[in-house]
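Starting from the known structure of chain V, fit chain W with the ligands onto it as the hints suggest.
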Amino acid sequence: MDLYSLLREKKKTILNNWLDDLLSSYPPESAQFFKSNPNQFSNPVGNTFRLNLEKIYDELLQDKCSEKLPEWLDGIIRIRSLQELHPSLSLNFAFSLKKIVWNSLKKEIKKHNLYEDYYKFSQRIDELLGLAFDIYMQCREKIWSQKANYINSRVHKLLERAGYIKEVEAF
Amino acid sequence: MALPSARELFSKISHRMPKREWMDIPVEIKPGRYCYPANPKSLEYVGMPYARQWSPLDEDWKLPENWMEIIRTGMRDRLDRFRTFKIFMDICVRCGACADKCHFFIGTGDPKNMPVLRAELLRSIYRGEFTTAGKILGRFAGARKLTEEVIKEWWYYFYQCTECRRCSLFCPYGIDQAELTIIGRELTNLLGLNTDWIATPVANCYRTGNHLGIQPHAFKEMIEFFCDDIEEVTGIRPEPQFNKKGADILFITPSGDVFADPGTYTCMGYLMLFHYLKEEYGLDVTWSTYASEGGNFGFFTSHEMMKRLNAKMYMEAKRLGVKWILGGECGHMWRVIHQYMDTMNGPADFLEEPVNPITGTKFENAKSTKMVHITEFTADLIKHGKLKLDKSRNDNIILTYHDSCNPSRGMGLLEEPRYIIKHVCNHFYEMPENTIREQTFCCGSGAGLNAGEIEELRFLGGLPRANAVKHVHDKFGVNMLACICAIDRAVFPPLMDYWVPGVDVTGIHELVGNALILPGEKERETNLRGEPLPGKEG
Ligand code: SF4
Ligand code: SF4
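Heads up: the sequence lines are chains V and W, in that order. Under our numbering, the first residue of the first sequence is numbered 1, with each subsequent residue one higher. Under our numbering, the first residue of the second sequence is numbered 1, with each subsequent residue one higher.
Residues on chain W that point at chain V, a partial pick, calculated with CB under 10 Å:
#1 F105
#2 G109
#3 M114
#4 T435
#5 L457
#6 L463
#7 P464
Think of the hints as simulated: they come from the structure by calculation, not from any bench. Quantities reported herein were computed from a predicted structural model and do not represent experimental measurements. Where a beta carbon is used, it is the ideal one built from N, C-alpha and C, also for glycine.
Here chain V stands alone, though its shape is the one from the complex (with noise of 0.2 Å):
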C-alpha cells in the first residue's frame, strides 16, 4: 500500500472535500450557485474551480508536474485575487489541500506507516504554495500596471495636445 494508491482511490471524496473547502468562503447560497450550475458559460467561476481543481490535482499525483501547472492554478487564482482583498484567502484553496488529504486518509497513513510518502507530497504542496504566489503577485501586478499605465497615457495625451511635449527628432 502506498500513498499515491490511496490518493487515486479517494480521488473524487478528496476533490470533492477540497472544492467545499474552496467554496466555503462565500455565502452559502453563492456557494450552492457555484457549485450546482454545471454550465461552464453561465457559471464560469464554478466551473473553473472544480475543473481546475481536479487538473491539478491529477499534476501533483503525476511523478513530474507539467507545464500546464502554473495554467491550471492561474485560472483560480485569477479570479480568487479579485474576488477576496487579501492574499492569504485568495489562496486559501492551496493551503487546505493538506489539511484535507490529512483529513482523509490519517487512518491508512497511520496504519500502514505513510509518513514518509506523506511529508513528501506535503512537499509537492508547498511547491504548489509558491507556484501560486508567484501567479498572484503577476495578478495583481497586471491590475496596477493598467491603472498606472491608464493615468500615464491620460497625462502624457494632454500634454501633447497642449502643445506641452516635443519628442525628439532624428537628425
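Quick look at chain W with the ligands alone, frame taken from chain V:
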C-alpha cells in the same frame, strides 16, 4: 430567439432565493467595489442638492437632517409617477429565476448582487413604509425599517448594477431591475449621494456639450487629426463639415469615439464612409461641435437629468435645420433614444421621417424619433450594393462579436451589425448561444461604472463575457472582439488583457473603413492602426 414562456422559465429555475435572512447581514463597504463620491462642484453646477465632501468609508455620511422625509416623499412621488415602479414593487413572487443571471453575482458571489435581492433592498422599504401588511407585520411581510444603513446599502448596490437588463429577460413577470436601479439612484441623488464618474461628466456635458469637457475647437481639431491619419493611409483626405446649416443629416456619436482609442479608429471609419458617400452620391452630413456627445450620463442620474442632456440633440437638429439625425456606435445613447427620447423631448415634428437618400429605404422604426442607427444605415447601403468593399484587407482579423447590452437587449439591434461584419470580414465566429444576442453578458462597466477605482469589481462583472471570448479564442483563434458601444471599446482592452491576452477590440465601422475602397485612393499598405495589411508584412 423566441422568448420563452413563463411556464418554461419556471420549469428551468435551478437557483433559489437565499434562505438566510439577508436583512441580518450588514452591508460591508469594500474598497475596489465603489466609485468615488461626486465632486461637489459638479453637483452644484447642475443644481443637484446637498453637494458636499463625504467618504463611503466614514461612519457619518453627512446626510441632510430630514433625510427620512426626503426619501419618503421621493418614493411616494415616484410610486405615483411611474407605474412600472409601483408594479415592480408589488408583483415579484421571489421565484429566483433572475437570481443567478446577473454578471456581478456570477463573478463576485455576493448574494446582494442577485437581481432579486437588489430589488428587495428597495422593496423592503416600500413594504415597511407604504403597505399596511408591511407596517403591521414587519419582517414577516418582508418589510424593514428605513435607517441610515439602508441608505448606505442602496448606494453601494445600486452602483454595482450596470442597468444591463439581462435579469429581466429571465423574469416570468418581466420585472426590469434596470428600472429599479434607476429609481434607486434617483433616490440616493436626493440626498446628494452620487459618484464622481457620473456627476462630473454630467456637468461637463451640460456646460460644454460632452462628458470630457472638450471645447468645440478641440473637438474639431481631433477630427482633423483623424483626417490627416486617413490621408496618410489612403492618400485621400475627407473634408468633414461642422455645424453646417441646411445639411441633410446631423451625425452624433459618443465623444469616446473622438477621444479614446480604439474608438478613434471607428471614428475614422465614419469619416471615410461619409466621404465616400459624398463623393459617390452627394450625401450631405454635418457634425456638430455643440451636440458633441451621444452618450448621456444623465440617464444614470435621474429621468430629469437624462431629459436635459438629451434635449441638445433635438435642439441642435432644429438649429441646423437638418432632415434627420444619424447616430454612431454607442450603447446607452441608443437606450435613451429608443426608450425615452420620443416621449421626453419629442415628438420631433420639425424633422422628416428618415429616408436613406441613396437607397430610398424608409427607416420605419425611426419614424417617430427621427434618429437612425449607423449600423442600420450602413447595412442598408451594403444590401443595395452601394459600397465598394475589399474584405480581404481584414483577413488578419479573426473576429467575434459582442452584443452590447443596450442596442441588443434594449432595442433589438441584432442582425444589422452581423450583416455588416459578414460583408467586411472573412473570419467571423460567434460566441456560445447563452452569451450573445438577447442573452448577451454585459461588459461589466456600463451605467457609469467604468471608473478606474472599481477595476476589481468591473473585471469580475466582465468575467462571464471574457470567459465566452476565451472559448472562441482557444477554439478558433479569435484575435479581435467587435462591439458597437463606446464604453465597450474603452473597457474591453484592459478586460481582455487580464482574462484573454491576445484579443484586441474594434468597432464595426473601423472594419468598414478598412474594407471600403475610396474613389481615387492609393494602394494601401496598412490598416487604420498603421499595422501592415495582409500580404504587406514584408
Ligand atoms: S440589470 Fe444587469 S447588472 Fe442590474 S441586476 Fe440585472 S443583470 Fe445585474
Ligand atoms: S424579479 Fe421576477 S424572476 Fe426575479 S424573483 Fe421576482 S418574479 Fe422571480
